[in-house]
Amino acid sequence: MTQKKSNQDIFRDAIQKIEEKFLQSKQQDQQHSVATLEASRNRHTMELQFLLDLTKEQIQDENLNRSAR
Amino acid sequence: MKILIVQLARLGDIYQTWPAVKAYHRNHPHVEIHYLTRESFKDALVGLSEVKKVKVLSMVQTLEPLIAHNNLAETITKNKNFIDDLIKENYDEVFNLTYSAASASLCALLEEFTGAKVYGYSRDENYYLKINDDIAEYFYAQVGIGRNNRIHLTDLFAWQMQVNLDDSDFDFSERNREDLNLPVQNATPSSARPIAIQVGASQKFKSMSSSHWTELIRQLSLKGYENFYLLGSSGESEIANTICQAFPQGVVNNLVGKFKIYNHFEILSRCQMLIGADSSMIHMASLLNVPCVNVSIGAVNFWETGPRAKNSYIAKFLHSDEIKIAEIIQLVDAVALGYEPSNVIKSIEGCPSYFTQNTSKIEEFSWDFVRALYMEADYPIVDDLHSLKSFHSFFELNKMVLNEIEQYSNSSGASQNVHLDLLKSMESTLDLLAQKSRATMPLWNWIVGQRVRISHLSGDVYVEKLSSIHRIAESILKLYVMDDLIVESSVVK
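Chains A and B, in that order, are what the protein sequence lines are.
Take 315 as the starting number for the first sequence in our numbering and just add one per residue.
Take 2 as the starting number for the second sequence in our numbering and just add one per residue.
Take the hints with a grain of salt, since some may be wrong.
[Unchecked claim] Mimicking BS3-like on lysine-lysine, the simulated pairs with C-alpha atoms at most 27 Å apart in a straight line are:
1. B:LYS317 / B:LYS224
2. A:LYS319 / B:LYS205
3. A:LYS370 / B:LYS259
4. B:LYS118 / B:LYS43
5. A:LYS340 / B:LYS118
6. B:LYS79 / A:LYS370
7. B:LYS479 / A:LYS370
8. B:LYS81 / A:LYS340
9. B:LYS118 / B:LYS81
10. B:LYS79 / A:LYS335
11. B:LYS43 / A:LYS370
12. B:LYS479 / B:LYS400
13. A:LYS335 / B:LYS89
14. A:LYS340 / B:LYS79
15. A:LYS331 / B:LYS400
16. A:LYS340 / B:LYS89
Just so you know, these hints were derived from the structure itself, not from any lab.
Could you build all of it, start to finish, from the sequences and the hints given here?
Take a look at the structure:
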């Protein structure tokens, strides 16, 4: 029987997808940094971290049964 | 010059920043102020005329492609567009008043790609939290539920913005209010100034149940009080309807869900007082100087988020089962009749704290300790054996930490890793000790705050700074464990 996903599950899935992308981007930065000896932080990775943090906060709010959207 | 204020928290947090924004504008009238908030809470900025532009973060819009259509790329693009818009503004300074992970990440972007000076939380090049100043460090270490801070958030926000508050910053009385288009001119059915009641709060545990409210209104009516306004958002209609059903028509005016949040300035300004939980309207009443009886339930720190209006009182209950209606009524009488009962928690005009005799000795000690750590007050005297024993354990562990830091500095390779592991386990023990003893908690939290402050450093510089932090802690701990005062564990038992 197919059950409807809860809000928590939906946000958990979203977090997982964003986190994968963030870690991938961070790893690329590190590889680039090792190759060029330049600073490792780039804007795309930082934007992904912001998105990841926001989505994590969203699920905390969902858990507290509060809406912060 | 242009600045951005970042407040991604809720309605009450936004209203608590109003005095800081007003004070900032008073001190810097030519600076253009922008304010970033979430879509859901942007109405809490209506009426704050000092803000020239409100920037809005919409999580619904950003996450909708990913959640509804499994389209991560589109979500990433929307997020990028939102950040692009902020970066284009080229802010000179950013005041992060949110103290959250997401706000730190956003401010790191603004810091990195516009050169803006960020006050509050940001992130370093390794994506770790970066604390930029003393107020943010104090917030990180000492502010929040279960901590020992007693300075109101309103003042902390102002200090984070490098300004001090005066009375005019709390004045949102009629002459300073825009016309907020409130259609309630005829809503007052009798000559008595109404008593406003906010029936809900952002979390259910923070507020009283409908049966408690009904009983309170019933008893107040018996004492001759009349004309009650029920206030709240549409989500609180059910509780309001239940209360109304208990009374004949006309006793209670149900205004729940009928107005925008900013319309409540006009409603509250007509009321003699507000009774409510720790929630947005308490902070709106503070801006109108309308006295409050704040029913503060459970894990809520009234010191940080209580009412600021003159003659406001706080009825503190640890759990909803412990609510005493008679105690609330006594405070309503105190506001209405202008007398001051004994053993109460009362707001002090112009002061970022409260007067009370209802706190325990250990709570007083911990707050005095915080004052000594950050505000140059004298270190308090400890007079209970449990706390003395905790200080003694803390002193011994701290000595071991200092020793391990030294060993770490003098070693290399695998041996260094061993010392690092030992250091980590000692710090975990110190953390556990601090959680178990309220007396040592402020000092441990201070160490944690100091450590985050230096986390962007590395190598010998970091180790030297870490050692310096623990040496300062040692000098403080010596005040509590002088040789002739060391209590043997057998005595403590």
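The hints, checked one at a time:
| no. | hint | in the structure |
| --- | --- | --- |
| 1 | B:LYS317 / B:LYS224 | holds, 23 Å |
| 2 | A:LYS319 / B:LYS205 | holds, 24 Å |
| 3 | A:LYS370 / B:LYS259 | violated, 32 Å |
| 4 | B:LYS118 / B:LYS43 | holds, 25 Å |
| 5 | A:LYS340 / B:LYS118 | holds, 25 Å |
| 6 | B:LYS79 / A:LYS370 | holds, 17 Å |
| 7 | B:LYS479 / A:LYS370 | violated, 42 Å |
| 8 | B:LYS81 / A:LYS340 | holds, 17 Å |
| 9 | B:LYS118 / B:LYS81 | holds, 21 Å |
| 10 | B:LYS79 / A:LYS335 | holds, 15 Å |
| 11 | B:LYS43 / A:LYS370 | holds, 21 Å |
| 12 | B:LYS479 / B:LYS400 | holds, 11 Å |
| 13 | A:LYS335 / B:LYS89 | holds, 25 Å |
| 14 | A:LYS340 / B:LYS79 | holds, 20 Å |
| 15 | A:LYS331 / B:LYS400 | violated, 45 Å |
| 16 | A:LYS340 / B:LYS89 | holds, 25 Å |
Of the hints listed earlier, those the structure fails to meet are numbers 3, 7 and 15, in rising order.
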